[in-house]
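Enquirer: Now for the letters of each chain:
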Amino acid sequence: MKSPDLNWPLICGALLPWGCMAVAALFTPRLSRPDLFFAVTVNPSFRQSPAGREILRRYDRSVVIVAVLALLLVGFVQLGTPALAMIGLLGPMFLELAGWFGAFLAARRRAMPYHVEPTAQREAALQPRKVSPLGGWAAQAGPFLILAVAFFCLWWRWERIPARIPIHWGVSGSPDGWASKHPASVFGSAMIGLLTCSFLASLWYAVLRGVRRIHSSGPRAAREARFIRAISSFLLGMEYWLALLFGLLSLAALRPNPEAPLPAFWPLMLGQTLLIGAVFFIAYRAGQGGWRWGRPGENERLPTEAAPVGDRTPDECWKLGVFYVNRNDPALFVEKRFGIGWTLNLANPRAWLVIGGILLFISATLAISLLTLD
Amino acid sequence: MANDETTVLRIDLASPTPAYRQIADGLRALLVHGVFKPGDRLPTVRQLAIDLTVHHNTVAQAYRLLAEEGWLDLRRHRGATVIERRSQRASAASQQNFSQRLRELTARAVADGLDAKAIARQLDTLADELNK
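Chains as they are written, first to last, in the working numbering: chain A, 1 to 374; chain B, 1 to 132.
Calculated from the structure, these hints are not laboratory results.
Remember, it's a predicted structure, so these values are computed and weren't measured experimentally.
Among these hints, one or two may not hold up.
To be verified - Facing chain A, according to a computed beta carbon distance under 10 Å, are these residues of chain B, among others: (1) 10; (2) 12; (3) 43.
To be verified - Stretches of chain A that chain B covers, calculated by requiring three or more beta carbons in the stretch to come under 8 Å of a beta carbon on chain B: (4) 124–131; (5) 208–218.
Said to hold, decoys possible - Among the chain B residues that face chain A by a calculated CB cut under 7 Å, a handful are: (6) 48; (7) 50; (8) 51.
Each residue gets a CB set at the ideal place from its N, CA and C atoms; glycine is no exception.
With these hints in hand, go ahead and build the complete structure from the sequences.
Expert: This is the structure in structure tokens:
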């Protein structure tokens, strides 16, 4: 009996985000600061108490059930019609996201009765902050130079660009989207690279300069500084990666045989996988704000505070545990309570400028893609 | 400028003392003890407000108070710079106020159970630090 042909590109396209989200959902509660449990301030020992373990166990069970249900949806990609294939491709991701959030809200509700008042102590370092980004501040020029070279090559060799050029490639590396020769289609990829790198560069600067430090001295402050350096280095790595990716894709217009698969496709995919791996590795090793760094048992030996420090924000300002709205806090970026990194203070008017910028960036990217496609 | 633990400013938002007063008192203590020297820059109002999770105006008010006392030079977009402060001549009223507050403070400490000799030792140490 002949086995059915499997649509591997679509199956892989659905399984990759499914796997990433399932792993992220299981790990995220374990990465929060010890005195924050499902975005609720608790005593640091609560996590290990029977009640804490039970909440975590029920959360894990919900996440696994949702992941299995989402995996069943992947089978839709084999059902033939484009609409069902789309359900199989995107359905698992949306189902997991909704299930994850639901499991988080349920766990948060169970953790609420164990809430304790966080410390009212605040501290700030008065000496100038020593910020030493990987490669120095000049390292930021690299991605933009790469894209500038791509722009220059396309401009310089304009006459050699054929009338029809590839602008989209499938999972196998072969072109599957074409456009007529036009400045928007020729420079489109490099332009998307420029927009993405500019956005990441802004985030990189904000992380280095604008985020609040929870601790101002001692080993906890040193870990936070290391965490900020790790995240900023990752963002810089992303910029170089995307500049190379979009720079190379834009130069595909100059290839003598544009219909042939991209020669550097698999190295590009490998790089992408390595970047995803790096995200998980940094998150798992560091924990939020770098609190997991240090030798085994070192955390237990650090001096304890009279009340939980958490992230020095009031619990009542965290709407649904993930949206921070505090008019009395001048910070634009604050540490996430559930997850790694920072989120926006939605009560700060500048936060809406940032959100507007992100929406503009997404719209511009979509517009470039749609307007150039034949 | 000294480093690390000595240059950390701590305030308590649950304290009855207003936050701006706590910031000004904390900074003044560091200035009097010579932790900051003329020419040193303090963090910008924005940065300090973010780190302490207080409104910009709270930090700005504390800086203005210290500027009025002659400790800081405040210039737009340049932050707060520590300046050489002319030695002040204390009025009789402020001397009397200080004696009164010190007496109340030590009385409170004794009432809380602190040893009188230990208090005296701490005052001696403080006096030595001020004379350096």
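Enquirer: If a hint holds in the structure, say so; if it does not, say that too.
Expert: How the hints compare with the structure:
no. : hint    : result
1   : 10      : holds (5 Å)
2   : 12      : holds (6 Å)
3   : 43      : holds (6 Å)
4   : 124–131 : holds (count 5)
5   : 208–218 : holds (count 6)
6   : 48      : holds (6 Å)
7   : 50      : holds (5 Å)
8   : 51      : holds (4 Å)
In summary, this structure violates none of the numbered hints.
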